[in-house]
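Protein chains: 2
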Amino acid sequence: MLRSFGSESRVPTLAAVLDLIRERSAVSRVELAEATGLTQATMTHAVRKLITLGFVHEVGTARSNGGTPRRLLGLRPEACYMVGIQFDSFAAMGVVVDLAGRVLAQQALPAPGERQPAEVVVEFAEHVRAMLDSAAVAPSDVLGIGLATYGPQDRDQGVLLTPQPTREWLGYPLAATLAEATGLPVAIENDATAAGIGVHTLAGAPSSFAVVFMSGGIGSGVILDGFPYRGVTSNGLELGHISVDAFGPRCDCGNRGCLDSVAGSIAVVDRALGDRALASRLGLGSDPLTDFKRIGRAAIAGDPDAAALIDASAQMMGIAAVTLVNLFDVGRVVLAGSAFTDIGPIYRDAVQELLDESVFMRHVHNVRVDLADDVSLAAAIGGAVVVLRNLLESPNLGGRVVSPS
Amino acid sequence: MLRSFGSESRVPTLAAVLDLIRERSAVSRVELAEATGLTQATMTHAVRKLITLGFVHEVGTARSNGGTPRRLLGLRPEACYMVGIQFDSFAAMGVVVDLAGRVLAQQALPAPGERQPAEVVVEFAEHVRAMLDSAAVAPSDVLGIGLATYGPQDRDQGVLLTPQPTREWLGYPLAATLAEATGLPVAIENDATAAGIGVHTLAGAPSSFAVVFMSGGIGSGVILDGFPYRGVTSNGLELGHISVDAFGPRCDCGNRGCLDSVAGSIAVVDRALGDRALASRLGLGSDPLTDFKRIGRAAIAGDPDAAALIDASAQMMGIAAVTLVNLFDVGRVVLAGSAFTDIGPIYRDAVQELLDESVFMRHVHNVRVDLADDVSLAAAIGGAVVVLRNLLESPNLGGRVVSPS
Chain Y
18 MLRSFGSESR VPTLAAVLDL IRERSAVSRV ELAEATGLTQ ATMTHAVRKL ITLGFVHEVG
78 TARSNGGTPR RLLGLRPEAC YMVGIQFDSF AAMGVVVDLA GRVLAQQALP APGERQPAEV
138 VVEFAEHVRA MLDSAAVAPS DVLGIGLATY GPQDRDQGVL LTPQPTREWL GYPLAATLAE
198 ATGLPVAIEN DATAAGIGVH TLAGAPSSFA VVFMSGGIGS GVILDGFPYR GVTSNGLELG
258 HISVDAFGPR CDCGNRGCLD SVAGSIAVVD RALGDRALAS RLGLGSDPLT DFKRIGRAAI
318 AGDPDAAALI DASAQMMGIA AVTLVNLFDV GRVVLAGSAF TDIGPIYRDA VQELLDESVF
378 MRHVHNVRVD LADDVSLAAA IGGAVVVLRN LLESPNLGGR VVSPS
Chain X
18 MLRSFGSESR VPTLAAVLDL IRERSAVSRV ELAEATGLTQ ATMTHAVRKL ITLGFVHEVG
78 TARSNGGTPR RLLGLRPEAC YMVGIQFDSF AAMGVVVDLA GRVLAQQALP APGERQPAEV
138 VVEFAEHVRA MLDSAAVAPS DVLGIGLATY GPQDRDQGVL LTPQPTREWL GYPLAATLAE
198 ATGLPVAIEN DATAAGIGVH TLAGAPSSFA VVFMSGGIGS GVILDGFPYR GVTSNGLELG
258 HISVDAFGPR CDCGNRGCLD SVAGSIAVVD RALGDRALAS RLGLGSDPLT DFKRIGRAAI
318 AGDPDAAALI DASAQMMGIA AVTLVNLFDV GRVVLAGSAF TDIGPIYRDA VQELLDESVF
378 MRHVHNVRVD LADDVSLAAA IGGAVVVLRN LLESPNLGGR VVSPS
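Residue numbers (my numbering), protein chains in the order written: chain Y, 18 to 422; chain X, 18 to 422.
Watch out, some of these pointers could steer you wrong.
[Said to hold, decoys possible] Computed list of chain Y residues with no C-beta within reach of chain X, every gap over 10 Å:
1) P127
2) D171
3) E374
[Said to hold, decoys possible] Covered, in the sense of this in silico footprint (three residues per stretch, anywhere, with C-beta under 8 Å from a C-beta of chain Y), are these stretches of chain X:
4) 241-253
5) 336-350
[Claimed, not checked] Straight-line alpha carbon distances no greater than 20 Å define the calculated SDA-like cross-link-like pairs of lysine to any residue that follow:
6) X:K310 / X:R298
7) X:K66 / X:V76
8) Y:K66 / Y:P94
9) Y:K310 / Y:G291
10) X:K66 / Y:T56
11) Y:K66 / X:T56
Since the hints were made in silico from the structure, they are not lab data. Think of the CB as a built atom: it goes at the ideal place given N, C-alpha and C, for glycine as much as any other residue.
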């Protein structure tokens with residue numbers, strides 16, 4: 018979200034211009050000014066800064082309409098690299114991307130489970146080194162690490178503000194400790210927002226859409242012209258904790274009938290475990306995310322009990338998606354997160370059906386539901402890109418990134 | 018919502034600077050630049066434009082810390098006037114405000130009911146003339162008329178995109194016809210968003226908050242640093258049409274268990290009318306908004322049946338307010354709209370209680386619920402201010418205002 022003061026003028030300009038240069042491969046300053054609506058002076062200033070950073074260089078000239086030749090700008094994808102890690106208790110996924118957002122290495126990391134944060138951070142640091150090795154990227158060329166995870170969180174301090182999965186995680190200096198262990202700056206970001214930034218990065222063109230993200234929990238994000246909606250403390254869009262049933266069960270968060278506790282992957286697994294025949298038939302009893310994927314595959318294969326559980330969950334997600342669209346007024350909803358790995362199309366179709374029949378402004382514009390190009394990587398990619406975004410958005414080119422001391 | 022391109026740089030700057038000058042009464046360019054984080058050059062440019070428009074003038078000099086004297090800027094409240102009309106089928110309220118947002122005239126207008134739009138527009142035009150007379154404002158000094166009403170709507174075309182209250186209203190050239198009838202430019206705006214702009218105007222300082230608006234229907238708005246969140250077509254924040262009960266009754270909009278159909282003023286009245294003893298005791302049978310206010314006053318006076326209806330409605334509104342806060346992450350919710358005239362404190366306390374026990378980020382920051390300073394006027398005042406905002410936000414100083422041909 019672009020705020021009215023402070024961050025307004027220079028800040029998102031750099032990220033937006035860099036996105037455009039990436040998208041168009043070879044583009045003149047005049048074209049960039051036209052595409053953004055920014056003045057030539059502002060564009061010249063932004064381009065100079067991107068060249069100074071080494072992110073952009075001149076790649077040739079083009080003569081248009083017999084006028085003076087225009088110098089064309091291109092991205093230097095090898096100018097720097099970013100690491101992204103998306104994690105919750107049940108799963109973790111890491112990527113190394115270049116400045117163009119291309120994935121050079123990816124790896125499933127051991128899930129934190131209920132282990133101490135210090136232990137998990139050490140493990141993350143080892144895997145970061147291994148991923149950089151496999152991508153043949155020198156740590157000195159890495160801009161930083163972006164941790165995409167659940168909220169509430171304090172992005173400025175790089176800490177989680179919730180005792181999940183255990184009390185020790187609440188306020189633990191997550192970013193600072195990982196920065197210390199790797200020698201790299203570390204930023205944290207909401208996982209669903211990161212997924213939105215990842216989807217935007219994979220798509221290239223700036224666009225506006227909502228993301229519904231499901232891993233262990235359900236979250237959401239809203240991207241407007243390529244930039245995330247943030248609210249006052251970047252702790253909004255908690256779609257998993259909106260009530261879809263005012264008379265439903267009390268959730269740990271204090272609310273009643275929360276989407277997460279009624280329809281999230283863990284709720285689906287809990288319900289399946291309550292049906293002993295089903296649980297035994299599907300061989301359940303691993304971690305919830307693995308069990309959820311098993312239920313999903315069984316539903317696809319035609320198991321009626323598994324299908325009933327998934328359908329009920331997808332219906333509730335559809336109702337929550339209608340709420341999201343009726344409140345944020347977007348024309349597209351993208352599903353992301355590893356819970357959608359196999360079962361994504363079932364959720365996509367159910368959510369689309371609900372939106373088609375219930376969205377308030379459906380006679381003004383339609384709303385399309387898509388699966389992210391890579392449901393299980395989008396948030397990790399977005400986490401990596403957040404490191405770059407934070408750098409470009411901070412006046413001193415370093416805010417919201419906790420550097421090693 | 019400030020978008021990343023086009024409207025980004027100049028546009029909200031003018032409105033934001035004008036707001037600051039209004040708030041501080043006499044302020045130097047240096048202070049304005051400091052308060053906004055804008056550069057001195059941008060501020061000089063913005064101030065020059067506001068002086069050219071006649072909205073701002075120099076009101077003296079001040080010497081600070083022994084430096085060179087700084088010229089102080091002040092608002093010219095009499096530079097221009099705006100008319101605002103908030104209406105739905107059941108009620109209409111008009112105001113004349115000056116450039117400082119002060120109300121010079123206010124009047125309850127006849128409600129449209131189910132009459133033809135052409136008839137209602139003629140009536141509105143007559144009342145605009147009468148209000149300007151009573152405020153002693155010449156039409157030539159009026160910037161325009163802002164119509165704050167329900168959605169979906171097309172702000173650019175100045176038409177409603179819904180067959181409410183009758184089919185004839187769908188696509189009727191509302192703004193153009195009223196412009197023709199009055200000789201004044203006309204803008205339309207969502208009523209809840211207008212209420213948010215009105216609350217911001219009455220408060221002075223830029224701030225971030227959500228509005229829950231209730232008249233005949235329920236809507237909402239989100240104001241961030243003084244500017245409304247808009248989404249892609251300005252048709253978001255339809256709080257009345259989010260589901261609070263996935264298993265609830267089907268609403269006309271297609272969704273199930275909508276807040277409006279479960280807890281809105283009309284739903285409360287319908288339930289009261291179903292209880293013959295209560296309906297007769299309270300003398301119900303007028304228009305729904307009048308009946309709702311009667312039920313509210315009976316609840317305050319201790320009628321247990323009326324109190325039960327109001328409490329149930331307030332509980333559901335609280336659940337929807339939790340959704341609004343969990344998604345938009347704001348620290349304040351303001352209740353506005355004439356339905357809150359007497360019963361406001363009951364709703365305020367119920368919503369506050371729900372937020373205190375259920376908001377997801379309540380351990381990060383608290384969320385306060387307030388009644389608007391003037392629940393029944395806020396949207397009309399905001400509608401008037403929208404005319405000014407649209408002028409300042411348009412590159413050609415005229416966009417989104419439909420002028421008489």
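| said: So P127 of chain Y supposedly isn't at the interface. Is its beta-carbon more than 10 Å from every beta-carbon in chain X? | reply: 28 Å, holds
| field | Satisfaction of hint between T56 of chain X and K66 of chain Y, Cα-Cα up to 20 Å | value | 18 Å, holds
| query | Between K310 of chain Y and G291 of chain Y, does the CA-CA distance stay at or below 20 Å? | reply | 17 Å, holds
| said: Is the coverage entry for the region 336-350 of chain X by chain Y consistent with the three-residue Cβ rule at 8 Å? | reply: holds (count 10)
| Coverage assertion for the region 241-253 of chain X with respect to chain Y, Cβ distance below 8 Å, three residues required | Per the Cβ count (12), the hint holds.
| query | Given the proposed pairing of K66 of chain X with V76 of chain X, does the C-alpha separation stay at or below 20 Å? | reply | 17 Å, holds
| said: Holds or violated: K310 of chain X and R298 of chain X, Cα atoms, limit 20 Å. | reply: Given that 20 Å is the threshold and the Cα spacing comes to 14 Å, the pair holds.
| task | Starting from K66 of chain X, check that the Cα of T56 of chain Y is at most 20 Å away, please. | result | Satisfied, since the Cα-Cα distance of roughly 18 Å is no more than 20 Å.
| request: Please confirm whether D171 of chain Y is truly not at the interface, meaning its C-beta sits more than 10 Å away from all C-beta atoms of chain X. | output: 8 Å, violated
| field | Consistency of the no-contact label for E374 of chain Y, given chain X and a CB cut of 10 Å | value | Violated, since 5 Å does not exceed 10 Å.
| Pairwise hint evaluation, P94 of chain Y against K66 of chain Y, where the allowed Cα distance is 20 Å at most | 16 Å, holds
The structure fails to meet hints 2 and 3 from the earlier list, while all remaining hints are met.
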